[in-house]
Amino acid sequence: MSIQETPGIHADDAALLALLDDEWAAGEQEALRGHLHSCDRCAARFEALRFADRRVRAGFELLDAPTPFSNCRRHSGKRRVMR
Amino acid sequence: MDFEAAFSSHHSSLFRYVNRLVGDTDLAADVVQESFVRLLEHPLPDDEIRRWLFTVATNLVRDEARMRSRRQRLLTEQYHHSDLVGDSQKGPDEMVQRSERVAAVRAALEKLLPRDRQMLLMREEGFRYAEIAEAIDVAPGSVGTLLARALRRLSKELDTARIDEEESE
Chain A
47 MSIQETPGIH
57 ADDAALLALL
67 DDEWAAGEQE
77 ALRGHLHSCD
87 RCAARFEALR
97 FADRRVRAGF
107 ELLDAPTPFS
117 NCRRHSGKRR
127 VMR
Chain B
128 MDFEAAFSSH
138 HSSLFRYVNR
148 LVGDTDLAAD
158 VVQESFVRLL
168 EHPLPDDEIR
178 RWLFTVATNL
188 VRDEARMRSR
198 RQRLLTEQYH
208 HSDLVGDSQK
218 GPDEMVQRSE
228 RVAAVRAALE
238 KLLPRDRQML
248 LMREEGFRYA
258 EIAEAIDVAP
268 GSVGTLLARA
278 LRRLSKELDT
288 ARIDEEESE
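Protein sequences appear in the order of chains A and B. For the first sequence, this note's numbering assigns the number 47 to the initial residue and increments by one for each residue that follows. For the second sequence, this note's numbering assigns the number 128 to the initial residue and increments by one for each residue that follows.
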């Protein structure tokens with residue numbers, strides 16, 4: 047993937063979700079964040095994706111049950127860093 | 128391979144993933160146990176264990192012939208008993224409401240393609256896109272697009288079911 051900074055070119059959902067998921071290299075991440083600061087359309091779509099992500103996470107958490115052996119096992123779920 | 132370390136590191140995450148996938152804690156426990164038994168029989172390098180376990184567990188779920196009927200039965204039974212065990216401090220109304228929300232989330236998940244369910248649940252467990260691509264056998268470059276589409280679709284289904292981002296709190 048590459049990030050287009052050309053005026054009038056917008057980031058697609060895959061690029062925005064990759065930003066949310068910390069999948070971009072540092073330089074590309076910075077470039078995309080810069081684009082979001084100057085593009086209301088992409089910024090709005092990014093926020094919509096973030097909202098969808100929170101809703102889906104909340105839904106998943108509703109499904110959770112106590113883990114067998116949970117009294118002797120520490121939680122190992124990895125938290126994503128950008129939410 | 129340090130089996131005990133592998134179990135300690137991955138058991139909770141694998142159980143959460145499988146339980147979310149199948150909506151049946153007993154079956155999830157069986158699948159996770161079988162996955163670890165197979166790991167014991169086929170030692171792997173440490174850096175391959177996590178993805179291998181999730182792939183084996185997903186395949187076990189897929190191969191479970193009774194799965195569909197069990198899920199349907201669970202959907203209809205969820206209202207009656209979902210949280211009645213282990214949630215005794217909540218009032219009856221709250222338990223019923225929660226059970227309805229759980230059933231709604233499961234119904235929304237069932238509307239996704241199995242591949243999309245697997246992708247979203249693996250992402251939720253912290254897998255990187257490259258690992259997800261390998262697990263579901265798609266090009267790494269397509270994972271973001273597929274995930275974003277699945278995420279929006281599930282969010283829309285949850286919205287229709289009136290599940291919002293504060294539901295689990």
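It is worth saying that the hints were derived from the structure and are not from the lab. Every residue gets a Cβ at the ideal spot worked out from N, C-alpha and C, and that includes glycine. A few of these clues could be false.
Stated by the list, open to error - SDA-like cross-link-like pairs, simulated, lysine to any residue; straight-line CA separation at most 25 Å:
id, chain 1, residue 1, chain 2, residue 2
1, B, Lys283, A, Ala72
2, B, Lys238, A, Ala94
3, B, Lys283, A, Arg100
4, B, Lys238, A, Arg96
5, B, Lys238, B, Asp153
To be verified - Looking from chain A toward chain B, a few residues come up when the C-beta cut is under 10 Å (computed):
id, residue
6, Leu62
7, Gly73
8, Cys88
9, Ala98
10, Arg101
11, Arg103
12, Ala104
13, Gly105
14, Phe106
15, Ala111
Now the hints, each set against the structure:
1. Distance restraint check for lysine 283 (chain B) and alanine 72 (chain A): the Cα-Cα separation of roughly 31 Å exceeds the 25 Å cut-off, and the hinted pair is therefore not satisfied.
2. Between the alpha carbons of lysine 238 (chain B) and alanine 94 (chain A) the distance comes to roughly 21 Å, so the proposed pair stays at or under 25 Å and holds.
3. The hinted pair formed by lysine 283 (chain B) and arginine 100 (chain A) meets the criterion: a straight-line CA distance of about 12 Å does not exceed 25 Å.
4. Proposed proximity of lysine 238 (chain B) and arginine 96 (chain A) is supported: the alpha carbons are some 21 Å apart, at most 25 Å.
5. Between the alpha carbons of lysine 238 (chain B) and aspartate 153 (chain B) the distance comes to roughly 23 Å, so the proposed pair stays at or under 25 Å and holds.
6. Below 10 Å, beta-carbon pairs count as interface contacts, and leucine 62 (chain A) has one with chain B at about 7 Å; its hint therefore holds.
7. Taken as an interface hint, glycine 73 (chain A) does not check out: its beta carbon lies about 18 Å from the nearest beta carbon of chain B, beyond 10 Å.
8. A cut of 10 Å between beta carbons decides the hint on cysteine 88 (chain A): the least distance to chain B is about 13 Å, and the hint is violated.
9. With its C-beta approaching chain B no nearer than about 3 Å, alanine 98 (chain A) sits inside the 10 Å limit, and its interface hint holds.
10. With a cut of 10 Å, the hint placing arginine 101 (chain A) at the interface with chain B holds, because the nearest CB-to-CB distance is about 5 Å.
11. The criterion of a C-beta within 10 Å of any C-beta in chain B is met by arginine 103 (chain A), whose closest approach is roughly 7 Å, and the hint holds.
12. Interface hint at alanine 104 (chain A): satisfied, since its Cβ lies 5 Å from the closest Cβ of chain B, which is below the 10 Å cut-off.
13. Checking glycine 105 (chain A) against chain B: minimum C-beta separation of about 4 Å stays under 10 Å; hint holds.
14. Hint status for phenylalanine 106 (chain A) relative to chain B: holds, with the closest Cβ pair at about 6 Å, below 10 Å.
15. Interface restraint check for alanine 111 (chain A): the shortest CB-CB distance to chain B comes to about 4 Å, inside 10 Å, so the restraint holds.
Hint compliance for this structure: hints 1, 7 and 8 are not met, and every other hint is.
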